[in-house]
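Protein chains in written order, with my numbering: chain A, 1 to 133; chain B, 1 to 387.
Read the hints as simulated data drawn from the structure, not as lab findings. Model, not experiment: these values are computed from the prediction. We put the CB at the ideal spot given by N, CA and C, even for glycine. Be a bit skeptical, because a hint or two may be false.
[Stated by the list, open to error] No farther apart than 35 Å at their CA atoms in a straight line, the calculated lysine-lysine pairs in the DSBU-like style are these:
#1 A:Lys-71 with B:Lys-194
#2 B:Lys-197 with A:Lys-115
#3 A:Lys-107 with A:Lys-71
[Said to hold, decoys possible] Chain B side only, calculated, beta carbon under 7 Å to chain A, not exhaustive:
#4 Ala-126
#5 Asp-127
#6 Ala-130
#7 Gly-142
#8 Thr-144
#9 Ala-150
#10 Leu-155
#11 Ile-183
#12 Val-201
#13 His-251
#14 Asp-255
#15 Gly-271
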Amino acid sequence: MTDNAPRFWRAIPQRYNLIGTHCSNCNEYYFPPRNVCPNCRRSAQMEEHKFKGTGTVVSCTTIYSATEDFKRQTPYHLAIIQLDEGPRMTGQVISGPSGVKIGMKVKPVFRILGKEGERGIIYYGTKFAPLEG
Amino acid sequence: MRSVSIIGVGCTKFGERWDASLRDIVAEAGFSAIEDSNVSGEEISALYVGNMSAGRFIEQEHIGSLIADYAGLARLHVPSTRVEAACASGGLALRQAVLAVASGYHDIVIAAGVEKMTDVSGGTAADALASAADREWECFFGATFPALYAMIARLHMRRHGTTREQLSMVAVKNHHHGCLNPIAQYQMEITHEKVMKSPMVADPLHVFDCSPLTDGAAAVILAPTDMAKKYCDTPVKILGSCQASDTLALHDRRDITTLDATVCAARAAFGQARIEPGQIDVAEVHDCFTIAEILAIEDLGFVEKGQGGKAVEEGMTSLNGKLPINTSGGLKACGHPVGATGIKQAYEITLQLRGEAKKRQIDDAEIGLTHNVGGSGGTALVHIFSR
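Please work from the sequences and hints to get the whole structure.
What follows is the structure, given as structure tokens:
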């Protein structure tokens with residue numbers, strides 16, 4: 001990661017509250033936000049959209065060997081989640097011994113994602129948890 | 001557009017080259033290509049070099065100038081350009097060189113690729129490689145490169161019935177090929193049991209499903225086909241050179257188990273070459289992970305979607321199969337110095353088409369293909385070659 005506060009700070013709305021965009025021209029939703037709609041390009045009508053954060057696991061893995069920043073958390077579950085509004089995103093799934101399965105319904109939870117050493121910034125953001133239980 | 005041919009090739013030994021620096025290995029590859037082609041320094045009119053991340057791996061940017069300098073071409077002021085598309089940087093350098101010659105802008109052009117990956121710790125290298133994925137929306141949440149391919153594998157297994165054994169068979173085959181290649185990083189046989197006993201990286205992928213960290217460099221020299229015979233008795237013609245892009249992040253793709261960039265680049269290259277997939281005699285494909293080779297043979301059009309695992313199991317892609325894949329040992333066994341890989345693939349196919357691949361030579365190889373992928377599929381390059 002980076003010792004650079006603005007880089008994290010400017011993504012807070014998206015990472016804390018799942019703010020993305022919606023193109024009212026073609027009615028497609030985007031997360032993370034895009035300035036240009038890939039469907040409509042110049043005729044795009046982009047507006048902010050807050051995603052509910054509920055969705056379905058498209059695929060998943062359990063990571064045993066991670067980069068320096070995530071070493072302490074191994075093993076952890078990572079998944080591609082399809083949000084109910086349509087777009088997909090990558091995120092960690094907190095789950096018990098039953099693990100994560102393709103097709104599982106999930107909801108968002110607010111968690112620490114990482115830290116820059118002992119004294120640096122603490123990164124917060126969205127992880128996912130099973131919708132049931 | 002002019003027809004373009006390869007008139008010389010060179011490649012270093014791949015592996016942990018602790019005795020040699022980036023500038024040493026790239027000069028070694030360049031000089032062996034120059035020797036192979038009989039061109040003189042004065043005839044070289046441009047250099048393109050693929051390099052993913054010298055900035056992260058050896059804290060050196062401005063690789064274009066460095067390479068011209070240490071190739072002894074700085075005093076001739078030969079224009080030298082570094083290009084980058086993560087693990088597809090080498091393939092991209094080859095395509096830039098092809099465009100330069102085909103357009104008539106330059107005659108004799110070197111396309112090189114180099115990566116020096118073992119001067120940093122494994123963790124730092126993994127972090128540098130992860131920057132080929134979407135830093136803000138994949139890696140920030142804890143994604144690693146193997147994790148992205150693991151998610152592809154998981155879904156491919158679920159949807160198409162691809163088995164854990166079939167993944168292993170890719171590694172077993174490529175290690176067998178590596179045993180026959182003197183430049184390969186790993187020249188040892190492995191088994192399915194050995195793959196399964198190696199540590200888990202990202203479920204279902206084990207260490208032996210992953211390509212290694214490698215130092216290495218490769219170079220090829222291009223000329224207009226009508227000049228090629230002047231330098232070389234056995235020039236290899238480039239029939240197709242195509243490139244395609246897709247979303248940076250895996251989760252944004254149309255289908256997680258298809259690399260659409262590969263599909264598009266392949267379709268364009270087959271069209272340009274006026275060749276059908278069935279006419280390819282030998283191919284080097286981008287097996288950064290075992291699942292990636294299965295995707296590649298599907299997305300290049302060699303088998304139907306979902307049949308890749310079965311094709312490997314039936315031996316189609318083995319040395320004596322219908323379509324031998326990764327005779328060099330692939331990224332898995334030959335090694336994967338990311339910037340060099342795309343050029344090493346062209347090196348291997350050139351040897352095959354010239355009949356110089358020795359123990360791993362395919363009988364009567366006439367048409368070959370290379371396939372180089374950047375990241376999890378954000379860039380793909382396909383080149384088609386003929387004798």
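* Which earlier hints can't be squared with this structure? -> Going through the list in order, the structure violates hints 11, 14, 15 and respects the others.
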